[in-house]
Each structure stands twice: as structure tokens, then as C-alpha cells.
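Visitor: Sequence:
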Amino acid sequence: MEDAAQVVKDYYDSSVIAEWERLERHPFEYELTRRYIDRYIKPGDKVLDVGGGPGRYSLYLAEKGCDVTLVDLSAGNIEFAKQKAREYGVNFKTYVGDAREIDAIVDGEYDHVLLMGPLYHLLEEEDRVKTIEACLRLLKQGGTIFVSLISSYAGIIYAMKYEPQMLLEEGMQEPLQLFIDDQPFAGEGFTKAYFIRHKDVLPFMAQFPLQKQHYFGQESILAPCEENIKGQPAAVIEKWLDVAEQVCEREELLSYSEHLMYIGRKL
Numbered sequence: 001m002e003d004a005a006q007v008v009k010d011y012y013d014s015s016v017i018a019e020w021e022r023l024e025r026h027p028f029e030y031e032l033t034r035r036y037i038d039r040y041i042k043p044g045d046k047v048l049d050v051g052g053g054p055g056r057y058s059l060y061l062a063e064k065g066c067d068v069t070l071v072d073l074s075a076g077n078i079e080f081a082k083q084k085a086r087e088y089g090v091n092f093k094t095y096v097g098d099a100r101e102i103d104a105i106v107d108g109e110y111d112h113v114l115l116m117g118p119l120y121h122l123l124e125e126e127d128r129v130k131t132i133e134a135c136l137r138l139l140k141q142g143g144t145i146f147v148s149l150i151s152s153y154a155g156i157i158y159a160m161k162y163e164p165q166m167l168l169e170e171g172m173q174e175p176l177q178l179f180i181d182d183q184p185f186a187g188e189g190f191t192k193a194y195f196i197r198h199k200d201v202l203p204f205m206a207q208f209p210l211q212k213q214h215y216f217g218q219e220s221i222l223a224p225c226e227e228n229i230k231g232q233p234a235a236v237i238e239k240w241l242d243v244a245e246q247v248c249e250r251e252e253l254l255s256y257s258e259h260l261m262y263i264g265r266k267l
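Okay, so the sequence shown: first residue is 1 according to my numbering, each after it adds one.
Think of the hints as simulated: they come from the structure by calculation, not from any bench. Ideal Cβ placement from N, Cα and C applies to all residues, glycine included. Where hints are given, some of them may not hold.
Just the calculated beta-carbon pair ranges, DEER-fashion [as the list claims (entries may be wrong)]:
| id | residue 1 | residue 2 | range |
| --- | --- | --- | --- |
| 1 | Glu251 | Glu79 | 37 to 47 Å |
| 2 | Tyr95 | Thr191 | 17 to 27 Å |
| 3 | Val129 | Ala18 | 23 to 33 Å |
| 4 | Lys230 | Asp13 | 20 to 30 Å |
| 5 | Lys199 | Ala235 | 34 to 44 Å |
Derived pair list, reagent style EDC-like, types lysine to aspartate or glutamate, alpha-carbon separation capped at 20 Å [what the hints assert, rightly or not]:
| id | residue 1 | residue 2 |
| --- | --- | --- |
| 6 | Lys199 | Glu124 |
| 7 | Lys161 | Glu19 |
| 8 | Lys239 | Glu249 |
| 9 | Lys199 | Asp182 |
| 10 | Lys192 | Glu174 |
| 11 | Lys199 | Glu169 |
| 12 | Lys192 | Glu63 |
| 13 | Lys130 | Glu174 |
| 14 | Lys161 | Glu227 |
Make a model of the complete structure from these sequences and hints.
Guide: Rendered as C-alpha cells:
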């Protein structure tokens, strides 16, 4: 049986530039997430970015004056992040490694942990639990963890926006039926990926010693129509972002988002 971690590693090693540019192609996810990050992470804070890819958020936080450590499964992502750090004139520590073993890769105690990627690719709940527990061992008491997951609606939203014909493809039939049946999906997506129902996130996170601060859609209401909105003048975009930020935690609107974020404080 093929090793899922190796499949994911190979995927990201072969698509470093595409991953770096992803948040440029989908800027609302980045902008709204950054607004929440800024509520908690301040200059001088010690931040662990687990599975941070080519370092988009690590670079932002390093520029902000944070003490940042970036860990990613993909050596290609890490090399790219180091190159970008030199270009930006900032410094942060980098390691290549598996998020499930994060507490064996780095040590110390962090004010904040970003876990914004690894849970996308851990198909078994046991591995998702193991990863969060490892992150929490590195998070100081009272510190914040930022956890991202892919919504079970993400594939449908993507197909509606970009490739409506996907619904006729053989490989789409299983995830499509699971969507119709209101079930999560774990398997072959853009690579090995796990898509969670938005109503399952809070029950899953309740098993950890965390106090919920926020649970929101990272694109809020903007994901289905982002191509239209991002082509608008800056003032229009900013107004839509302001509205999106104000409603992104409303439970009935979570299904508009492709990515979901839980922010918790360690008890």
C-alpha cells in the first residue's frame, strides 16, 4: 500500500510555486485569517508554524517581529521559504518533518501554534488527534492554537467556480455521493485529503484541553463568488472583507467556506 505521507510530500515538493501562489489566487482566505491572527499574535511572540508550506504566514509574522519556527513535510517548501526569508530580509528557524512527530522535531514552549495544513492530509482520526496533542505539548498554558481544516463542501464550491464538468468524472462520484449524503470524505482529492463536515469540528476539538475562542469560515461568505469580487476596485474588496469578517462565525454561513478555522486557548 502506498504511503500517504510520501504521496503528500511528493505532491508539495512538485508544486512549491503553486502552493506559494495559492493565497494570491485566493486572497480572501489569507486576509481574513490574518485579521484573526493579528488579534492574538504580537511582535516578540514565539510562534510555531506547523505544516506552514512555503512560509506565507511565517514570513508575515517574522516581518511583524515574531520569533518564528517553520516546520513542513516538504523539503521543497522549506527551501523556498528560506529563499523568501532572505529576499524579505527576515529570519526564522526551519525544519523538515512530519507534523505527527512535531514534539520530537522541535522543543521549547511557544506562545502560539499554527496548525494550518497538516490536518488536511491526515486521513485517520487517530493521526489528527496525535498531531494536535503533540502541538499542545509545545504550546504554553494560556497560549493559542490556530487549527485549519478543509470543509466537506470545498470540492463542490471549487467545481461550481472552476470546473462544473467535474461532476461527470468517474473519480468525483464517491465524494459527490458523500456530499449528497452529508458525510465527510477521506481519500483522493487534490492529493490524499480529509474533508470534514463543519458540524463535526467543535465536537472533535472538544476532546482537547482548550477553550474555544473562535470558529469561523476562512473565506466566510466570499468563496463561491471570489473571482467576481477580487476583480473589483480596492474599496469594494475592502468593504466585502469587512462584511465577511463580521459574519464568518455564524453557524449557518459556515457552508460558504472551503476552509474552517478553530482558535483555542490552552487551559
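Visitor: Does each hint hold? Answer for all of them.
Guide: To see whether the hints hold, each was checked on the structure:
The hinted window of 37 to 47 Å between Glu251 and Glu79 holds, with their beta carbons roughly 41 Å apart. Roughly 22 Å separates the CB atoms of Tyr95 and Thr191, a value that falls within the hinted 17 to 27 Å. At roughly 30 Å, the beta-carbon separation of Val129 and Ala18 lies within the given 23 to 33 Å, and the hint holds. Look at Lys230 against Asp13: about 29 Å separates their beta carbons, and that is inside 20 to 30 Å.
For the hinted restraint 34 to 44 Å between Lys199 and Ala235, the CB-CB distance of approximately 36 Å keeps it satisfied. For the given pair, Lys199 sits about 18 Å from Glu124 by alpha-carbon distance, which is consistent with the 20 Å threshold. For the proposed pair Lys161 and Glu19, the alpha carbon gap of about 19 Å is at most 20 Å, so the pair holds. Distance restraint check for Lys239 and Glu249: the Cα-Cα separation of roughly 17 Å lies within the 20 Å cut-off, and the hinted pair is therefore satisfied.
A hinted pair counts as satisfied when its Cα atoms are at most 20 Å apart, and Lys199 with Asp182 qualifies at roughly 10 Å. A distance of roughly 14 Å separates the Cα atoms of Lys192 and Glu174; the hinted pair therefore holds under the 20 Å criterion. Simply put, Lys199 and Glu169 have alpha-carbon atoms about 28 Å apart, too far for the 20 Å limit, and the pair is violated. Taking the CA atoms of Lys192 and Glu63, the gap is near 32 Å; set against the 20 Å cutoff, the hint is violated.
The suggested pairing of Lys130 with Glu174 is violated, with an alpha-carbon distance near 28 Å, which exceeds 20 Å. For the hint linking Lys161 to Glu227, the alpha-carbon distance of about 8 Å falls within 20 Å, and the restraint holds.
In terms of the numbered hints stated before, the structure departs from hints 11, 12, 13, listed from lowest to highest.
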